[in-house]
Amino acid sequence: MNNMASILPLTLKDVSFQVTDKRLIKDINITLEANKSTIILGPNGAGKSLFLRLCHGLLQPTEGKVQWNTTNDHDPKFFQSMVFQRPVMLRRSAGANIEYALKLHDIPKEQREPIARDALKRMGLGRFYGHPARVLSFGEQQRLAIARAWALNPQVLFLDEPSASLDPAATHSIESAIEAIRDSGTKIIMTTHDLGQAKRLADEVLFLHRGRLLEYAPAKEFFDHPKNDLAQAFLKGELLWWKKKELSPGHMGST
Amino acid sequence: MNDIWAALGAAFSMIIGLDSDLAEIVGLSMQVSLMAVGIATLIGLPTGAALALYRFKGRKPLIIVVNALMGLPPVVVGLLVYLMLSRSGPFGVFGLLFTPSAMIIAQVILVTPIVAALSRQLIENMWEEYEEQLMSLGVTKHGAALTLLWDGRFSLLTTVLAGFGRASAEVGAVMIVGGNIDHVTRVMTTSIALEVSKGDLPLALGLGIILVALSITVNGAAYIIRDVARQRQGA
Ligand SMILES: Nc1ncnc2c1ncn2[C@@H]1O[C@H](COP(=O)(O)OP(=O)(O)OP(=O)(O)O)[C@@H](O)[C@H]1O
Ligand SMILES: [Mg+2]
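So the sequence lines, in the order shown, correspond to chains W and Y. Those letters in the first sequence? Residues 1 to 255, per this note's numbering, in order. Those letters in the second sequence? Residues 1001 to 1235, per this note's numbering, in order.
In case anyone wonders, no lab produced these hints; they're calculated from the structure. Fair warning: this is a prediction, and the values are worked out from it, not measured in the lab. Even glycine gets a Cβ: it sits at the ideal position worked out from N, Cα and C. A couple of the hints might just be wrong.
[Unchecked claim] Far from chain Y, some chain W residues (derived; all Cβ distances over 12 Å):
#1 Asn35
#2 Arg91
#3 Ala101
#4 Gln111
#5 Pro114
#6 Tyr129
#7 Gly185
[Stated by the list, open to error] The calculated lysine-lysine pairs, modelled on DSS-like cross-linking and capped at a C-alpha distance of 25 Å, are:
#8 W/Lys103 - Y/Lys1141
#9 W/Lys109 - Y/Lys1141
#10 W/Lys77 - Y/Lys1057
Model the full structure from these sequences, guided by the hints.
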């Protein structure tokens, strides 16, 4: 599907998301281009997961618009996939979990098994093809979730803290997989709390705080000279002690 | 006390010797209840899935009604079906009253709410876990319903077995609409009621033992199936 017309760039126009009277995402305006890995940073509860869900279409913004570069003849949701913070596996084998996803993407039956086996192999899970997915360890399930997302060969891949609570070896294998997916031409949009990982993978960084987009900058610029003072404090690990009444959203970096 | 022992002995020899009256009654019971549970499953599972997945006006009241119907008194259902099927009733022309078909209809009405209500709860819990992932993969509501019914099949089987337990144990409905006619509509529960009142304890006891054994078997099967599924699927 990668070689069809690109659904990128992704544009968010005045996007807000509100639950009852709480505004959880506030007036986000941004355009995300192809061929750049975007890493979303921010403290717990900043709205990173909500932001991914809004982009992916799992949530509808209460104000504003999320727009993909599409004509009416193809549905953008079939060109994206997402790996969640906690892997969700069907009560089936590892292979069948991937084949199920392929079926929903209209891949012909005879092609599904080879694609699934190949995706498992790439994630080092080749021997688990026939294993029930839900009895795999947490780390194996997370890699299976990536294999499933990868097998769909998406134009855009969302990842929500894909290596949270994994050991260093598993984290490394997940980072390598993300790099390989990126190199095959897929746009990566990902959240992480691991600043080292962010530096290794990011082309550009998006900094969220309390539902606001405070900085959007190329990775090097962001890590070397963050413009926003909350982002500076965040990078120094001082955000917890940061005290400042209100902050206008005008501190944004290059957009 | 001696009477009881004598009756028990006679009951066992009837069971072991495959007494033809006993076999006929057990056979008809199974036929009626299995048929009723089969039909109730075909109606109840899709209803449960629909109530779990689709959001429509009046969904909550409907769920409350279906839950309440789980406790329908069999005699009331028997009475209603009797009124429907009796000569002067709306379906009287089909002449179904006092036939096994009438008993099946009554038991379908008793069992369908059980299957629908229990499966609704099960499927809703599964959907809570699966929803975001399946929506992300681009599933339709219809596809999601089929996925959940398939993935939950082992847990759902226990709701069907619960329905079977209810059908095979009830006496009120089949008594009223079947009439307990010898060789035609006599099933285990109705003949136990009759034989006890006639004083033929061995037959009643024999049937009682079979009924209890059946219930233990069904529940044992349900337990084993869930256990195996949990080991094999992490369900
Ligand atoms: N459905 C909801 N109803 C009410 N509040 C919600 C809902 N979903 C999220 N929130 C709130 O919105 C805020 C942002 O949540 P979100 O999950 O996006 O944070 P996050 O940046 O991903 O945090 P973490 O780093 O802990 O994963 C949180 O304060 C959360 O409590
Ligand atoms: Mg999150």
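Hints, one by one, checked against the model:
{"no.": "1", "hint": "Asn35", "verdict": "23 Å, holds"}
{"no.": "2", "hint": "Arg91", "verdict": "4 Å, violated"}
{"no.": "3", "hint": "Ala101", "verdict": "5 Å, violated"}
{"no.": "4", "hint": "Gln111", "verdict": "17 Å, holds"}
{"no.": "5", "hint": "Pro114", "verdict": "19 Å, holds"}
{"no.": "6", "hint": "Tyr129", "verdict": "15 Å, holds"}
{"no.": "7", "hint": "Gly185", "verdict": "20 Å, holds"}
{"no.": "8", "hint": "W/Lys103 - Y/Lys1141", "verdict": "15 Å, holds"}
{"no.": "9", "hint": "W/Lys109 - Y/Lys1141", "verdict": "22 Å, holds"}
{"no.": "10", "hint": "W/Lys77 - Y/Lys1057", "verdict": "28 Å, violated"}
Hints 2, 3 and 10, counting from the list given before, are not met by this structure.
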